[in-house]
Each structure stands twice: as structure tokens, then as C-alpha cells.
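The residues making up each chain are set out below.
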Amino acid sequence: MSLTRRKFLGWVGAAGAGAVIGKNASASTTEHFKGYPNSFAVLHDITLCVGCRSCEAACNKVNELPPPDRPFTDLSVLNERRRTTAKAYTVVNRFQNRKSPQHPVFAKKQCNHCLEPACASACFVRAFRKTPEGPVVYDPSVCVGCRYCMVACPFGIPAYEYDNAFSPKVMKCTMCYPRVMKGQLPGCVEACPREALTFGKRKDVLEIARQRIHDNPGRYLNHIYGETEMGGASWLYISGAPYQEIGMREDLGVTPAPELTSGALSVVPMVVGLWPVLLTGIYAITQRKEKVAAEEKAAAVAEAVEKSESSARQALSDALNKAHKEALKEKDAAVQQAVKKALAEAASSKAEEAAH
Amino acid sequence: MTRNTSTNHSLLTPFNLVAGAILIIGAGITVLRFTRGLGAVTHLSNDNPWGIWIGFDLLCGVALAAGGYVTSAAVYIFGMKRYHSAVRPAILTGFLGYAMVVLALNYDVGRPWRLPYPFVVQQGTTSLLFEVGACVALYLTVLFIEFSPAALEWLGLKRARNLVTRLTMLLTIFGVVLSTLHQSSLGALYLIAPSKLHPLWYSPYLPVYFFVSSIVAGLSMVLFESTLAHHYFGDRMDAAHIEENTGVTLGFAKAASLVLAGYFTIKVIGLAMDDNWRYLTTGYGVWFLVELLGFVAFPCFLYAVGVRDKNIRLIRWTAVLTVVGIMLNRLNVSLIAFNWQLPSSERYFPSWMEIMISVFVVTIGILIYRFIVTRMPILYEHPDYPSSH
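Residue numbers (the numbering used here), protein chains in the order written: chain A, 1 to 356; chain B, 1 to 389.
One chain only, chain B, in its complex shape:
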């Protein structure tokens, strides 16, 4: 399928037709958004200033793009060189993920052309959003540099490529620092609104929860993406990539199971520290338990079983379950349990155009991913640059 598209034989594949339709509709809504304002395309209100462009595109997008820092830290810092072939795909999806987050932010903020203002005009350093913005901007740059060797190999720029690869360790450490900061700060954004976020989700540990769950999200996304990549781009993979894949899957699943266990523990500790047990019997409490048991404890168990039985299929499905769970958590904090005290008539539900823009942004990300993996050495090693570690 992918071969066909790159050789221009049949551009009219079902995938391309759907993607094309999404791009056309998205472009239309984009014009509407920037000529008529946020009110014309969103269901945002004065009580609900943040919708799915923050709850999904920003919060889920950043969490699910965590594979980049998790994988590069595992391989370069913790010395798990057996997983080396997983680094480039993870860095690429991380880079594209963050790029799409920034693209979506341009739709959400009122005056996107002023996005550099917090850095160049005046700095609101007491704001967690300042920290998020600064770290995301810096980390996007780091990911771009980390990704660039693949592009430089493709372009045949040997000198520049070798220069950049020498920065690997520095960039990895910088990336982990920045990721720690902004992954946690996204949770800390909500610390200022204890009166609006339901007590089961509000916790002084919100930043820790967001950081720890981002590790799980990163590991699970690497597993999920490698499943998809195998399915659609298997012909692009070299022997090393395919051989190492079982090891990567088992290793990442083991790590994900462990971190999920830790995440579950600190969630329960938070529940106990704030003495929020009494809320568990309410409707929100049941919903909280669905998230905690169904999407944290259960995948933790499934990952462990998958590793013990070396059941790759089970591990891959568990990765999907975990990713859904992380998204559920982010949507709970930002939308579902936020403004829980407002009457239902004043609650937020996205408009179809908001959803469409989110789909549009994700589609652009997938198209760029496809463009890159069908051309650049991502899933295989460039013959001129054998493993240099």
C-alpha cells in the first residue's frame, strides 16, 4: 500500500481518500476559525474556557509523545542498547507529536501570533503555564535536533550528521530534564483550581501523577506504534529492527507493568492522604474507580502476564488499553471532572468542528510520519552509517 503511494501508481487508496477529505474539511474550519473567531467554531464558554484542544490535543498529545524521552533515556542513559532500533521511531513520533501540539495551540489561543510574548515581551514566571510553554518550546527544539540525523543521512550530509550524533548524550539528558518539568507542569496547571476540579482528581500530587503516567504513556505508545509500523511499514524494516522487536516489546512491557504498579500505589496514597474515600460511593467515585482499576491496575496485571507468558499479542492489546487509560485520565482532569459543580446545562461538550480540527491535526501528523518513514532511515539503519555505539 505504502509502496504504491510513494511511486505514484495509485494515489486513490481508501486511506488517502479519507485523509484528503479530512484535510479539506479541516482547511475549511481553519478559515472559519481565523476569520470569525473561536466562538464561531467551538462550544467554549466563559465557564469552560478550555475544551478538547487543550484536554485532548495538548494534554493527551504531550503525554502520548513521551515515547521519545523514555526510549532515548532507556537506551542512552540506562544502557539498554538492545533496544537501540526503537529509538529513532520513538524520537520521530515524539517530535511529530509535539509539533502537532504546538500546531493545535495556534487554534486554541486567541492571538496565536503572540505566542512568543511570554518569552520576549514579559515573563509571567509565577505561572505554571509559563513553565509548560518554555519547556515545550525547548523540548521541541531538542527533539528536532535528535531527529535530524535521520534527515541528514537521507540528504547525504555526512559531516553535519556526525556532528549532531556527538551531541546525543547531552540532548538526551536535556530532554529528560525538560520532559520531567513540563509533563509534571501540565498536571500542576490544575493546582490553582481546587474549587473547580473534583476532589478525587485534585491532589497536591497532580504533577507527580502526570509525570509518572507520562512514562507509562511513552512506553505504551512505543509498543502501540511499533505494532502499527510492523503492520503498515514492515517492508521498511531491516533485520535488526525486526529481530530486536520481540526484546523491545518484552522489555518495555515489563517496565510499563512496574511503573503502572508504582502509579497505582501513589494514586491510592493520594486518595488516603486527602481522605477522599467517601467520594468513592458517588457517581464520580465509580468513574474514578473505572479509571483506576480498569485502566491502571488491570493493564498493570495484563502486562505482567504478557511478559511471563511471552505473549506479544496480549502485550500489544494491553498497550492500547493503557493508552486509552492515559487519555481518559487527561480528559477527566481537564474536562469531565472539571467544573463538576456546574449544572449540566452549563457544562462543556465539544462542537463537531472542534473534534474535526483535532482529527485534522492528528491526520497531518500521520501523513508527515508516513512521508518520513517511507524515505528516511527510521525503521532501518542507513548502510553508510552502521550502528555507532
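So here's chain A without its partners, still in its complex pose:
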């Protein structure tokens, strides 16, 4: 399985823009990415969690987060539903247990470190990166603070330092990437007194989850949350209570986030390539139409001019002919009149002569 075949080149960050769009968009491969081989994962066995908040305290300490509003020993915070914040990468919530109401269910929440993360796909400056070891890490030195990662995350995990005016950062669990790289366990896993958290290679951890479900069919639902949700994650959960009832959405589907936008991205090069052709074509057609229209108009005008000129000539010559004829007629009439008059004068002079 070579790296270049994988669809998630965008956030591996090794490829150029063209290759990224091409790979993501063309769907020329049907290969399904199942995660980096040998990457790490954590299994959260929700049936073992007792809501002691040790993981929260350990997380706060190893990540050097600001002190909490209320101490980690104060379990009254469990009365309200909480989410991750800029001050808390992980929180434990208490839920009512429908099957046995006297035993509430506790579930830990933190970044699920998706195999193909929505945040990394959405970031326009590649501040997020899925490491081959499993953790999804964030680089605050390039972050612009657009918060599109927070819009994109289906689990509602990234938080923002809204009160920091000059260097606000997106805050989220790092799966203790620096510790993992040193061979240490993530802070929360190390602190859990109930071993509700198991760290290991993802394939091994998945095996453990399957084994537990197989061995205790009455205790667990046959669903490893995170195995396929949004394309799969590096945090896996097994539970006896339906996930929907303990604040975990079951309607997210199995489509990895990058695939949701790859179609729209694939249109970009097509628009860039074809729009100018189409628009220039339309321009050429309108230009030609105008030219043809102008030519036709010119021809029509010439014809009309020609026609009117010839008819004018005709009319002129008709008029001239008529005038000529009339002149002749008048001339004839004048001549006859003159002759008549002359004859009459001659006759009258003759008569006068005869009378004398």
C-alpha cells in the first residue's frame, strides 16, 4: 500500500495543489482508506467509567491548561451536560441509564482523531495534520482563526480562545502526541484508575473491543463506535447503552468528511477550463450576429435607396414626358388657335373689304 495511492493526500501535505484536487476529486480510485498501518488508537470502555474525572485532571496537567473554574474533585459538575472547551480538552458527562436507573452511565468526550479528519480537510492553511502515528495535530503558528474547522467537525470538538485578542488558538485534544512520540501513554489513559481506557495499535485495540463484545454479549451493544463513523476514528468506544442516549450521534454515516466536498472541488478545474471557452463563444456569436445584422441592414438600406432612386428616376422621366406631351399639346392648341384667329381675322377683313 503505497502512500501515493491514498485519497487523503490533501492532509498528508506532501503533494502539490493539482495533485491534491485531482486525487480527491476524480474518484479514479475505489480504494478505501482504512487508516495508517500501525497507527495508535484508544479504546474507551464506557461500561467501566465511573465519572471520577481523573482523566480530566491528568489532561489539564500534562497539557498545561489553565486551572479549572471548579476543582476536578468536585463531581457536581456532572449535573450539567458539558462539551470540550478552550480550557478542557476532555470532559466526562453523566447520563441516565434506562436499563438500571440507579447506575448512571459516564462517557468521556475528546477529539476522536478521525482517520480522515473533517478539520484537516476544511482548513485552508493546513494547520491540521493526521500523523501516521494516529493523533490529529494542530499548528497554531499558521492558524488564521477562521474557525471553519469548528464548523466542519461532526463531533463538535475544537474550541476557540475567544477571549484571547492577540494570539487566539483553536484548542483540542492532541492524543498527547508529544508523549506518544516519547513512548509514553496519553495523560488520560495513564490516569484512569478503572482501566476504562486502553491504548495500543488500532488494529489490536479493535481486536480487544471485538473480544469483549464477543465474551460479554449481554454487557455490550454489538457496535464499536468510531470503527466506521465518518470513515473511522482513532478513538473507539464500546457501550452497553445506546450511543444516541449518551450524547454520541449515530446518524453521522460512514462517509469520510473529505468525500463530502470532493465533488464540489472537482468542478473547479472544469469551470476554469470551460467557462472562458463558453463565454468567448457566446461573445463571438453576439459579435457575429451584430455583424450580420449590420450587413443585412446595410444591404437593405442600399436596396431601398436603389429602389427609391429608380422610382424617382421613373417618376421624373414620366413627369418630363408628360410635361413634354403637354407642352406639345399646348403648342398644337396654340398653333390651331393662332390659325383659327388668323383665319377669322382674314375672313373678317375680307367681309369688311366686301362691305366697302
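Listed next, the in silico DSSO-like pairs over lysine-lysine satisfying Cα-Cα at most 27 angstroms (straight line): (1) B/310 / B/254; (2) B/254 / A/289; (3) A/34 / B/196; (4) B/81 / A/291; (5) A/61 / A/87.
Hints were generated in silico from the structure; no laboratory data involved.
Using the hints provided, position chain B relative to the given structure of chain A.
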């Protein structure tokens, strides 16, 4: 009124007083925003990372600034030269619209001084936001160049002006390509969050919806702005502008009616493709129908009637209705139908300071518009440069 302000006789008009007050309050909130952080002035939260500075200033702003590419494409590419007098006002409002969008973005992002990072440091090309950013930055430049002949005529720089006008066709085509891309990408931004946006508004066709409705928005904004310009800057218009205006109004209304009909059709197709009919009987469904019937189908009909009866008044009111409808759509996608599954206590409602900054930004745009149209040849042709097409 406008004459007065430009001759400094009575600066204390009601408009100037209100604008002045808005500028002072806006400046105060600006100081607060950049010294105390986003948390001090907004109601943004971890669940609601985008508020009205994205929903209104960015999404509505870009859609309503579409008049620039729509008008220049109609006149220069589709050869509708009868509408030539509409180009400059549309380009100017488009340019100012985009400039105000970018100004508002500086308030919204956490570290605005890093806005060039996606282009100069490292490129997140798998992000739709990268596409939006790249296209908006490029298109703002295109609009600036397209607008510049008016400024150059005003400044008397004949040579430079003639050089720029020779680029008209190239710039128009480039502008249409860029507009197609980022208008659609603004809708595509939400493709990554099917679990957060209500199914009636979420659709794989979101980018197409945003692009097609931007054409409607552009046409309607040209009609709306020309109404306002006639009212307030009528004395700045030349005979050609006033004569062509009826033709522009009827032509644009006809186009808007047609495109709205197409938009309505593809919205219904989307509804059918995802088989979302069952949601129509819910509260969100009623709201969806209000948008679809009241602000898409109804103005489509009104525009058609207005064109048939040559009823300019009706067309102008329909333009207002359509613009409101486009804004409603953008706010539905970005805020109202977004995070619809969260309990109401965790939903977002803007703070008065967020609203004030949006008003502040719009006011700056209007003031710059007024400065320019009272000085530069926008609503009339410069006598030295008669129509050269």
C-alpha cells in the same frame, strides 16, 4: 441634499448625523474587538463559531454584490448594449460590496494579519474556504481594475484610462469565472457539515443553488440600487442613463423572473432527490416553504406581471422582496437552520455589538459610494469619453 454635502454648506443633514453616530459607535466597538478579543463583543461560542459577520457580511454581502459580474456579462458578453449605462453603477457597488466583505472578515477571523497565510505560507487546497478566499481576493482585484476607468477619467489620466478599457473583455470573462467559482463555493462550504445543517437546506446541490441565486441577487440589486440612485442622485444622471433606465428595468426584471423560475425548479428537484418531503410538515418545513414560495415563487410571478404590464413600480418593489429573500436564504443556511439539533439555550443570537459592526461596515460602504458618485463619472458619461463600444 447631496449637492449640499459636496459644497460643504450644511454638513449637518439627518443622514450625516446618523452616519456619524454609527461611525463613532463602530469605531468604539472596533477598539474593543481588537484589544479584548472576539469574546468581548460577540455571542460566538464553541458550538456556534460563525455568526452574522459570516452569515450576513460574507454570505449576503457577496451574493448582493453579484450585480457587477451579472451586468458586465450581460452587456459585454451577451451583447445587451442597451444596458450599457447600468454597467458602471453595478461595477462600483460590486467593488464596494466585496471591499466591505473583506473589511468585515478582518473583524471575524481571530488573527486578521494572517489572512494572506493561505496563499503565501501554505495552501489548504482541499478546503472550500481556500477556493472562496482565492477567488474573492482575485475578484476584488478584477473589480478594482474594472472600476478604475471612472477614477482615471476623474483624475484626467487619459492614457492609463484607455489602456484599462482595452482589457474590458478579458476582465469580464475572468470576473464571470471567478464569480461562478466563489459564489458556488460559499454554498459548498456547508457540504462538509451534513450533520449540522437541516436536511431541507442541506443538499449536494448547495453550490448550484448559491450560484443560481447569486444571479437573481445581482439582477435584483441592480434594480434596487438604480431606484435608490434615481431618488438620491438623479441630478447626477445624464440623459442616456435616464432614458435607458426603463429598458434596463424591464430587461433585468424579465431575466430575474426567468432565473427565479429555474431556481425554484432546481430547489424542488433537490427536495425530491433527497426525498425530504416529510420535513415539510414540521416547523422548519413551514419556514422552508415561506422561503421557497414567499421569496422565490412569488417574486418570480410578480416580476413576470411587472414586465407584462410594464409596471416599473411593481418591478422595483419585487426587487426589494427578492433581495430580502436571498438574504433570508443565506441566513437560513448559515444560522437559522444551522445547528438546528442543538437545544435552544445553545443556539446563537447576535450581540448588539455584532449587529452594530455590520451596520458600521454597510455605512462605510454607502459613504464611499456617495463620495464616488458625486465626483466620478458613474451615473453619467464623461464628456471627453463618449461611448466607445
